[in-house]
Amino acid sequence: MYFLIQANVYLDPDHYKIFDALEELNIDYDVINIPPTAEKIDFETGRNDVFVYGSVTIARLAKQNTDWFPGSFYGGNHLYEVYATYYGENLLNHKVSVHKISEELSWGKDELKFIKPYSEAKIFTGRVFNKAEWKDFVFESLENKTNRITKDSLVQISEAKRTIKEARLWIVGGQIIDGGYYKFNDNALFEEHVSEDGLSFANEMIQLFNLAEAFVMDICLTDEGWKIVEINCINSSGFYPNTNVKSIIKALNIYFSN
1 MYFLIQANVY
11 LDPDHYKIFD
21 ALEELNIDYD
31 VINIPPTAEK
41 IDFETGRNDV
51 FVYGSVTIAR
61 LAKQNTDWFP
71 GSFYGGNHLY
81 EVYATYYGEN
91 LLNHKVSVHK
101 ISEELSWGKD
111 ELKFIKPYSE
121 AKIFTGRVFN
131 KAEWKDFVFE
141 SLENKTNRIT
151 KDSLVQISEA
161 KRTIKEARLW
171 IVGGQIIDGG
181 YYKFNDNALF
191 EEHVSEDGLS
201 FANEMIQLFN
211 LAEAFVMDIC
221 LTDEGWKIVE
231 INCINSSGFY
241 PNTNVKSIIK
251 ALNIYFSN
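Per UniProt numbering: the sequence shown ends with 258, consecutive numbering throughout.
If you're looking for bench data, these hints aren't it; they were derived computationally from the structure.
Where is the CB? At the ideal position from N, CA and C, for every residue including glycine.
Be aware that one or more of the hints could be misleading.
[What the hints assert, rightly or not] Distance condition first, Cα-Cα at most 16 Å in a straight line; then the derived EDC-like pairs of lysine to aspartate or glutamate:
#, residue 1, residue 2
1, Lys250, Asp20
2, Lys246, Asp28
3, Lys116, Asp152
4, Lys250, Asp178
[Unchecked claim] Here are the computed distance ranges between Cβ atoms for each label pair:
#, residue 1, residue 2, range
5, Glu23, Glu133, 39 to 47 Å
6, Tyr16, Trp107, 38 to 46 Å
7, His193, Asn130, 30 to 38 Å
With the sequences and hints as input, model every part of the structure.
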């Protein structure tokens with residue numbers, strides 16, 4: 001398989017690991033810079049067995065190249081409204097509402113809300129806000145002309161819930177290839193590897209709905225057991241320091257070469 005990698009990815013400090021993995025595995029690849037305002041991928045290749053990796057921009061634009069396989073998995077089943085019908089209450093944020101970022105929200109006294117982008121996943125990082133924090137964030141975001149947030153950008157809002165620990169899992173061909181914790185909250189003890197009960201939960205969710213041939217699932221442990229935090233497109237999901245990038249690239253290459 002042939003990998004087309006976006007070079008100008010600045011938000012992921014571990015992005016460089018993909019180049020090390022491709023070199024070690026002796027897999028063909030090319031590197032490309034893509035402006036945030038690009039309307040197409042300005043790149044030509046005689047190969048069709050192309051897999052793209054980088055930002056949401058390259059993942060989205062690669063869908064235009066319908067002759068590339070696997071190309072990009074952007075969109076489709078990755079939308080909350082699709083996978084929520086299958087995962088239901090197994091989602092951390094099962095009950096959500098969708099609003100334009102410029103809409104005035106109703107807040108209770110001392111209320112906290114978890115707010116994240118709805119369709120454009122990477123325009124900002126989802127997190128817990130109180131009323132004042134959200135108002136400041138919206139004002140600053142709309143004033144900042146260098147980002148991709150507009151008054152019509154959609155956000156997904158749900159009740160803020162406590163998580164104990166959170167992990168990212170990389171799934172190819174219905175199998176968990178790699179996983180690692182990226183967050184421990186409160187007094188949660190550090191674990192080097194994702195616990196067996198967490199992996200078991202994730203495998204149950206994959207059996208319930210194998211969302212794509214390759215995707216990323218973030219899971220978390222809560223007071224009510226394991227839940228899915230969110231589903232991410234594998235073409236634009238960032239690595240963490242403990243991610244075994246080589247094993248993921250190897251699995252992708254083997255699975256889609258066959």
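Hint check results:
1. Lys250 with Asp20: This hinted pair holds, its Cα atoms lying about 12 Å apart.
2. Lys246 with Asp28: holds (14 Å)
3. Lys116 with Asp152: holds (14 Å)
4. Lys250 with Asp178: At roughly 11 Å apart (the allowed maximum being 16 Å), Asp178 and Lys250 satisfy the hint.
5. Glu23 with Glu133: 39 to 47 Å: Since the Cβ atoms of Glu23 and Glu133 sit about 43 Å apart, the hinted range of 39 to 47 Å holds.
6. Tyr16 with Trp107: 38 to 46 Å: Between Tyr16 and Trp107, where Cβ atoms are some 42 Å apart, the hint holds.
7. His193 with Asn130: 30 to 38 Å: holds (35 Å)
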